[in-house]
Amino acid sequence: GAVVSQHPSWVICKSGTSVKIECRSLDFQATTMFWYRQFPKQSLMLMATSNEGSKATYEQGVEKDKFLINHASLTLSTLTVTSAHPEDSSFYICSAAPGTGGNEGYTFGSGTRLTVV
Amino acid sequence: DAKTTQPTSMDCAEGRAANLPCNHSTISGNEYVYWYRQIHSQGPQYIIHGLKNNETNEMASLIITEDRKSSTLILPHATLRDTAVYYCIVRVPNYGQNFVFGPGTRLSVLP
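Chains L and R, in that order, are what the protein sequence lines are. According to my numbering, the residues represented by the first sequence are 908 to 1024, in order. According to my numbering, the residues represented by the second sequence are 6 to 116, in order.
So that you can see chain R by itself, here it is in the shape it has in the complex:
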């Protein structure tokens, strides 16, 4: 699976959009981009995933650049409960293959 690079930490004001970047310059054509988050002392929570088109669900939007070498997770109106570590993972969706977690980005939503 391709390696990803994320900033170590970010701050965001409550109510504002949180934009979390992820670089995956070695991504291959059949690898998807997945985003998870982990709130303190809980298991990771799935947020969103995509291949090349932008995706949106009730939690967030995923913007993938045209060359697919980077992506941005957007939380449109961050709340204090969005404070968590956010993981960007690139992988081929092979059944039975685990998700490999890097250090992620620690997002702090400030009041």
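Same shape as in the complex, but just chain L:
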């Protein structure tokens, strides 16, 4: 089945530094990938939609200059949290849409736990 690999699984960084999270589709090509954020005891909230070869589409309230998304290939999308602050500490999850265009569900990565100290 479709596999999405997300790396790292957890990261601790200092305030003011930047952190890059990778999302790879291992056995399929994904023109579109999604980035979600999940705070404790809350559900997943979509941050942005990443499209290969074009600019990402950000949800309302998500700062595009703070959360940089690059989808340079059909198998890799990256999310960079720039100038991270403690309030950015969260669980970040990516998802990839298989390119078949059918009704199957999307595959999600295992998530990245970001802690900013």
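Calculated directly from the structure, the hints in this document are not laboratory data. Just so you know, not all the hints are guaranteed correct.
Claimed, not checked - Simulated pairs of lysine-lysine, DSSO-like, Cα-Cα distance not exceeding 30 Å:
id, chain 1, residue 1, chain 2, residue 2
1, L, Lys948, R, Lys8
2, L, Lys971, L, Lys948
3, L, Lys927, L, Lys971
4, L, Lys921, L, Lys948
5, L, Lys948, L, Lys927
6, R, Lys74, R, Lys57
7, L, Lys921, L, Lys973
8, L, Lys962, R, Lys57
9, L, Lys971, R, Lys8
Said to hold, decoys possible - One-sided and incomplete, this derived list gives chain L residues near chain R with beta-carbon spacing under 7 Å:
id, residue
10, Gly1012
11, Phe1015
12, Ser1017
In this text, a Cβ means the ideal position worked out from N, Cα and C, and glycines have one as well.
Once you've looked at the hints, dock chain R against the given chain L.
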């Protein structure tokens, strides 16, 4: 996408069937019902989906009422590892459209 309503939490005894309900009374004709689950500190895991017929796979069964206004996810023999938050999502399978997650049902499988 149509809105779904799920109970906040449920308990189930280990080895028994877990029946998780979902109401989607405003579902439209081309919307599918999808079920995902999220085990603590992991990404969501796809379980099953269907349009109007009942579906079964190695993980679960999905029972959709004839009027499609509600559905039930059945885990036939729940184990402790099935403890998770279960999400029922209704959506048109448009490529490039994300899945919208509600609060889901927190299922606790008890020994």
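Hint check results:
Only pairs whose Cα atoms come within 30 Å are accepted, and lysine 948 (chain L) paired with lysine 8 (chain R) is accepted, the gap being roughly 20 Å. Pair hint lysine 971 (chain L) plus lysine 948 (chain L) holds up; C-alpha atoms about 25 Å apart against a cutoff of 30 Å. A threshold of 30 Å between alpha carbons decides the hint, and for lysine 927 (chain L) with lysine 971 (chain L) the separation of about 14 Å falls inside it, so the pair holds. The hinted pair formed by lysine 921 (chain L) and lysine 948 (chain L) meets the criterion: a straight-line CA distance of about 24 Å does not exceed 30 Å.
Distance restraint check for lysine 948 (chain L) and lysine 927 (chain L): the Cα-Cα separation of roughly 24 Å lies within the 30 Å cut-off, and the hinted pair is therefore satisfied. Annotation: proposed proximity of lysine 74 (chain R) to lysine 57 (chain R) holds, straight-line Cα distance about 10 Å (limit 30 Å). Pair hint lysine 921 (chain L) plus lysine 973 (chain L) holds up; C-alpha atoms about 16 Å apart against a cutoff of 30 Å. Between lysine 962 (chain L) and lysine 57 (chain R) the alpha-carbon distance is near 37 Å, which puts this suggested pair outside the 30 Å criterion.
For the hint pairing lysine 971 (chain L) with lysine 8 (chain R), the CA-to-CA distance comes to about 28 Å; that is within 30 Å, so the pair holds. Interface hint at glycine 1012 (chain L): satisfied, since its Cβ lies 4 Å from the closest Cβ of chain R, which is below the 7 Å cut-off. With 7 Å as the threshold, the beta carbon of phenylalanine 1015 (chain L) comes within range of chain R, its nearest partner Cβ sitting at about 4 Å, so the hint holds. Below 7 Å, beta-carbon pairs count as interface contacts, and serine 1017 (chain L) has one with chain R at about 5 Å; its hint therefore holds.
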